[in-house]
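**Student:** Listed below are the residues making up each chain.
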Amino acid sequence: MSAPETPISERSDCFQGYRGPARDALAKFSIGVWSEVEIVNDQGSAFVGVILPRSETADDQHVVIKLFNGYNVGIRADRIASAKETGYKKAVYKIPEKAFPFDPKKKSVTLLGTGGTIASRLDYRTGAVIPAFTPGELYGAVPELADIANLDTQKLFGVFSENMGPEQYKALAIAIGREIEKGVDGIVVGHGTDTMSHTGAILSFMVQNSPVPIVIVGSQRSSDRPSSDAALNLMNAVRTAAECEISEVMLCMFGPTSDNYDLLHRGTRCRKMHSSYRSTFRTIGATPLATVSRYPKVPGGSHFTYISQEILRRDKTRKPVINPSFEEKVTIQYYYPNFNPDIIDGLSAMGYRGMVIAGTGLGHVNKPIYPALKRAIQKGMTVVMTVQTLWGFAQMYVYDTGRDLLDLGIIPLDNMLIETAYMKLAWVLGQADDPTTIREMMTTPINHEIESREPHNGYLILQGGLPEVDAFVQKHWK
Amino acid sequence: MLDRLDYEAVGLISGLEVHQQLRTKHKLFCRCPAGLYTETHDGEVLRHMRPTLSELGEYDGTALMEFKTKKEIVYLLNHLNVCTYEMDDTPPFLVNQEAIDASIELCLMMNMDIIDEIHIARKQYLDGSIPTGFQRTAIIGVNGSLPFHGRDLTITHVSVEEDSCREVRDKGHQIVWRTDRLGMPLTETVTGPELRTPQEVRDAILLCGMTARSTQRVRTGIGASRQDVNVSVRGGDRVEIKGVPRAGYAVKLVHNEGIRQYNLLKLREELHRRGFTTRESIRVHPFDVSDICAGADLGFLRQAPSNGGKIFAVKVEGVAGLALHPTQPDTTFLDELSGRIRVIACLDEAPIVLSGALLPEFPGKHRMLERLRKRVRIKENDDYFIVFGPEEDCRTAADEIRLRFADATQGIPKETRQALVGGFTTFERILPGPDRMYPDTDSPPTPVTEARVATLRARLRPPPWERIERYMSWRVPEETCHYLIRRGGAEILDAVIEKTGVDGLVAAIAIGQHTRAMKRAGVPVERLGAGEWMQIFDLLTDGRIPRESIPVIAASVAKDGVSAEAAAAAAGVAMEPRERWLESVDRLTMDGYLAGKTDTPGKRLRFLTGRAVDQLLGKAPAKDVAEYLRQKLTEVPS
Ligand SMILES: [Zn+2]
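Keeping their order, the protein sequence lines are chains A and B.
If you read the first sequence in the working numbering, its first letter stands for residue 1, the second for the next number, and so on.
If you read the second sequence in the working numbering, its first letter stands for residue 1001, the second for the next number, and so on.
This is chain A alone, in the form it adopts within the complex (with noise of 0.2 Å):
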């Protein structure tokens, strides 16, 4: 143990968390975080190890201290007797950089980072995970990733999944035109998975023709932990941007719950289907475009199985278009009964230019919200139609009443998701104002959104308990 060689004092941040009783408590005794401590309480029970920072939403009576057999506990600030300080060691975060070594035979891939971690490495005393990003500490992570491309990083900014919105999606296309222009291979974005969908959605519209695949990629369990997701989703999102025959704007996470395969799904048609999962992320009216592993099914052969037919090959002489628009007055309103028309004049009221519903069945909502929606229209708010089903068609000619909504001027968007005419919307609504314009631009699909056929197994949900989708399971779903 080293003695300590700052006072405490002079040391920042020493009752890191700490409020109240457990403050006072580390003051009186001239201990603080990271004060490697023998703290006896009033049993004449002996703690030894190091004080640990207090989270800020924990109570203000106990005092944290990570014992030298690894264990952590909690002692009652009141029934601690006496307390020595022994050394004193601040945890540095950092990761040991080892230069990313440069193969002229691979593909150059380019990893933007938006700040979801992919790789990190742990802090044994907080549990903190500490994100590896640059080239060199990511090597340090998933040295496997030398054997698949070079691998150049920028980290663009550092914003939890949540907080992504229109400034960081126009600052992502432009950097993606700008690696584009630069030549590389492929360029995989890391990203929390929460609004993954959302970004590859926007992404689909702010940057169509890519010659390169866009993979975005990133983790359902922290790399912090040995079952993680990260490093083969990590390797199989490189090993994509460097070597997939697919050039369009995807998501690379896992297929099943098993370190199997991951899918390849378009940035259109997917949504993240479960809190917590592994394979949460599905594609939604249609089948994912290929599967990526990290070993080829024989020595020497592809590592990818193309599933969809209708792709976007690469072309590294083709020039992509980037288009980085985008209307913040948009709404998704999803609707339910009693759902209360003074929601849409409100919307209305406020300036909203354009609203996503989502209706019940083929796109319906109740006839006591018509007169809403006309103001809103009458107003020059765009107003789309999806189904809250998910899967299938908003088909509102069917029943009178979706007909009733048609004739207010609903543009109902076939089997466009949610979230992706959200993005659609602001992203038109970005660019134009005529509504014959606006109408044609919703209608037309860019890249799959809406897709004129839903294939025979393009509804597919995994359920649980139906003898053939469990003998399908155990067939191809380890």
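In case anyone wonders, no lab produced these hints; they're calculated from the structure.
Here a beta-carbon is modelled for each residue, glycine too, at the ideal position from N, C-alpha and C.
It is possible that some hints are incorrect.
As the list claims (entries may be wrong) - Within a straight-line C-alpha distance of at most 16 Å, the following computed EDC-like cross-link-like pairs (lysine to aspartate or glutamate) qualify:
{"no.": "1", "chain 1": "A", "residue 1": "K272", "chain 2": "B", "residue 2": "D1348"}
{"no.": "2", "chain 1": "B", "residue 1": "K1070", "chain 2": "A", "residue 2": "E144"}
{"no.": "3", "chain 1": "B", "residue 1": "K1171", "chain 2": "B", "residue 2": "E1349"}
Claimed, not checked - If you want the ones that stay clear, here's a sample from chain B, every Cβ over 12 Å from chain A, calculated:
{"no.": "4", "residue": "Y1037"}
{"no.": "5", "residue": "G1043"}
{"no.": "6", "residue": "R1050"}
{"no.": "7", "residue": "R1122"}
{"no.": "8", "residue": "I1130"}
{"no.": "9", "residue": "D1203"}
{"no.": "10", "residue": "L1403"}
{"no.": "11", "residue": "R1436"}
{"no.": "12", "residue": "I1468"}
{"no.": "13", "residue": "E1579"}
{"no.": "14", "residue": "K1632"}
Claimed, not checked - Label-pair restraints from in silico Cβ distances:
{"no.": "15", "chain 1": "B", "residue 1": "T1441", "chain 2": "A", "residue 2": "K98", "range": "42 to 48 Å"}
{"no.": "16", "chain 1": "B", "residue 1": "E1391", "chain 2": "A", "residue 2": "G301", "range": "17 to 23 Å"}
{"no.": "17", "chain 1": "B", "residue 1": "E1044", "chain 2": "A", "residue 2": "I343", "range": "35 to 41 Å"}
Start from chain A and add chain B with the ligand according to the hints.
**Tutor:** Below, chain B with the ligand alone, put in the same frame as chain A:
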């Protein structure tokens, strides 16, 4: 020295980690049922484990070892007992408070200091036994003790943790686990390193077991409690013998481990004598000798190349003869190499590894041996080792041979050894350090209030030593005391004594000894609860059955499911109520007195007692009849 050991002279020291499943309704961090075992599965999941970087950016030793093995991990799932939490697809739910309460009770019984605020930590395991790659665990109490052999045995701490998967098979690069047990709450009781003989280890296991049973909060049966025994000798290091299933097995295991360490220290001396004092001084050279051995008439060597594998000869400089250095009565240092190669390089085809020194035992192989020795350029003091299998694994094996010899230069490697039948052990993994533990950021801390502890203390059952003292004061044999406490009979015993006022010794013998005999005879004794015993002892204290008839009645109650009264009647041992047989005795005395057949009071008493006992056989307790007559006759004027 291979079979006898002066424990004190070699400084043998042991400590225990006793694992005990708690009897809760649900698992520790999810709502799955606990204790529902299944032998079939309806789903499979495949995973791999990847070590996470430690604070210094380096991998923990065990983690690295487990990563080297590159195991494919398969989990067998049954929807009855596993959910998405255990498979690490759903974060933990709040910790099961029933399990926390049970752990606190165990701590209180061992006079421990309860932790004020419980924090969940993660303990990394990369062998796949837990799908997350770590076990969630928390210290509940510290600083306790148990009265043991006239001194205090320190209980360092008690933690509550998740139980792991059950291994189905482990072959090559694939390990298969069943997940039914996974996530069940388990306590770990850690003693101080204070046990000085194998016998003390056994007794301490028994004591810990009885203490846990006494809380009435733990599971019993196969696998419900397992212990790890830490053993070291002076100058050695801590070796953990994992999975000791029974107290009795510990004696030989600890003894043999003491011998192993003693002999490994001797081996270190020999290595030092030969100039190998540092880990770096061990040099190995692997050679691909597939071509030489291909034609050999040895089945295992012929098979390797035909399966696409290789045969490697790994030369180790200067260690001639050391592979055969004995470690235990039937094992040598070669077994140490073999264990590491099997686990880490995944080469598990027998004989796993051969020493060049042993090869001459294969007759008629001179030409091949000659070529081998030439290829590896063997010198007089060198030895070489043959391994076979996939090339990558052979190279891993070569490195493990180097590492094991390197460890030998330092003494005894800290490792976990698996207990095998016959008192032997085999390498399981390198012993993990505290570096593999870190806080679980998914779980909030749980404060434990003084009121909660007080409530739990109030309902605490008597600890085993208190019961043993009480029972032994009634002259119950110690072994019977232990049996009663271990099998739950003590709870019944205390209850029936309180309710019926039956003599303690009589009841203890009935519940603690007769039950055992009945069980051996196949009687379903588990049907004998406190209620049944109370019926039986009520009859006894009312003088309605003789003491000798208890086993018969109890067996009948258990087997036929009838009341004690009916069982006694059926057995023909039901006695008349006291008033009724008193009348009969009174009648007899009258007759006898008037008959005038006796002259002296003594003769008269003997005569009447004989007749009364005879006539009232099975209807009245002989002792009471005799006593009654004695009193009655002394009252009668002669
Ligand atoms: Zn569960």
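**Student:** If a hint holds in the structure, say so; if it does not, say that too.
**Tutor:** Here's how the hints hold up against the structure:
no., hint, verdict
1, A:K272 - B:D1348, "violated, 43 Å"
2, B:K1070 - A:E144, "holds, 14 Å"
3, B:K1171 - B:E1349, "holds, 9 Å"
4, Y1037, "holds, 21 Å"
5, G1043, "violated, 7 Å"
6, R1050, "violated, 6 Å"
7, R1122, "violated, 7 Å"
8, I1130, "violated, 9 Å"
9, D1203, "holds, 25 Å"
10, L1403, "holds, 21 Å"
11, R1436, "violated, 7 Å"
12, I1468, "holds, 27 Å"
13, E1579, "holds, 60 Å"
14, K1632, "holds, 64 Å"
15, B:T1441 - A:K98: 42 to 48 Å, "violated, 27 Å"
16, B:E1391 - A:G301: 17 to 23 Å, "holds, 21 Å"
17, B:E1044 - A:I343: 35 to 41 Å, "violated, 48 Å"
Violated hints, listed in ascending order, are 1, 5, 6, 7, 8, 11, 15 and 17; each of the other numbered hints is respected by the structure.
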